[in-house]
Amino acid sequence: MPELPEVHNFKKYFDAAATGQKIAELVVHDDKIIRNMPGPAFADACRGRTIIDSLRRGKYLFANLDNGEAILLHFGMTGDLNLYQQPEDKGRFERFAFHFTDGNVLGFEDPRKFARVLYLKDRDAYIAEVKLGPDALDLRQDYFFEKLAGRKTTLKGILLNQSVVAGLGNLYVDEICYRCNIHPAARVNEMSDDAKKAVYDQIMAVMRYATENAPYYHDYPENWFWHTWRKEGQPDPVTGGEVKIVKVAGRTTYYVEGKQTLPSATD
DNA sequence: TGTGATGTTGAATG
DNA sequence: GCATTCAACATCAC
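The numbers in my numbering rise by one with no breaks, and the one at position 235 of the first sequence is 305.
There could be a bad hint or two in this list.
Said to hold, decoys possible - As a list, the in silico DMTMM-like pairs of lysine to aspartate or glutamate whose alpha-carbon atoms are at most 25 Å apart:
1) Lys160 - Asp205
2) Lys81 - Asp192
3) Lys217 - Glu158
4) Lys191 - Asp212
What the hints assert, rightly or not - Derived CB-CB ranges, DEER-like:
5) Val97 - Gln211: 41 to 51 Å
6) Tyr279 - Asp123: 24 to 34 Å
7) Thr120 - Gln156: 20 to 30 Å
8) Met147 - Asp123: 22 to 32 Å
9) Gly328 - Lys267: 14 to 24 Å
Since the hints were derived computationally from the structure, they do not count as laboratory data. From the three backbone atoms N, C-alpha and C, an ideal C-beta is built for every residue, glycine too.
Can you build the whole structure from these sequences, using the hints too?
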């Protein structure tokens, strides 16, 4: 589920629950989501370590350990955290859990098992290896323009590409395109500089708003595109255009007919 | 009951 | 080698 703003909230939750905590034991129920070692090896690596702090970049959350190594938590589509003390509060979909020396337990839950958890000797080397782009909140306009130059893919495709900018997901990309009045399937190489600038500005505005104000996908203002009225055939409150559903970059995409146009349609 | 889902990856293709 | 597309991953909820 989580996109950048949601992982931002996971970081806050994780920091409150885990900063300064020593791992007495790491209990693995299902090691499917632990991607670079078997469950017992992961538990051995974590046991006795203290969590110093965390770093979020895009949708990736790194827990930094007292030995200079790190644990990557990527929440996939359905990952979640759950702090508890009583065993009966363990979540149904807990896949593994940090058991801290003070008795608190931080469970990592993930019904769909799309999450990715790795034990990393070298966090920065991993970031370089997967070519993770800059966090959306740190995105600079000149860098953004450079990354778009020469690309022929769709606007949606490039915004979802985590090596271009880290943190945007399906829903926020639709929101950004809606606000810019650009069709998500617009080809990047056909977009004007003004259009790219508008996209850049809305990335920043949406991400800033979302991280500063929003607890989760619910609870957004009514005028957010995907929040309450994003349904096929719904009229846009501003333009009256109809909401359409299409596939772009392999993902279900919502846009408003007439309001959001392709560059070629206006040139 | 079938269908689709807020994400990423790696193979296949151009 | 690079850019791009797409099936696969596993399970739940509607």
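Here is how each hint holds up against the structure:
no., hint, result
1, Lys160 - Asp205, "violated, 32 Å"
2, Lys81 - Asp192, "holds, 20 Å"
3, Lys217 - Glu158, "violated, 49 Å"
4, Lys191 - Asp212, "violated, 33 Å"
5, Val97 - Gln211: 41 to 51 Å, "holds, 46 Å"
6, Tyr279 - Asp123: 24 to 34 Å, "holds, 26 Å"
7, Thr120 - Gln156: 20 to 30 Å, "holds, 24 Å"
8, Met147 - Asp123: 22 to 32 Å, "holds, 26 Å"
9, Gly328 - Lys267: 14 to 24 Å, "holds, 23 Å"
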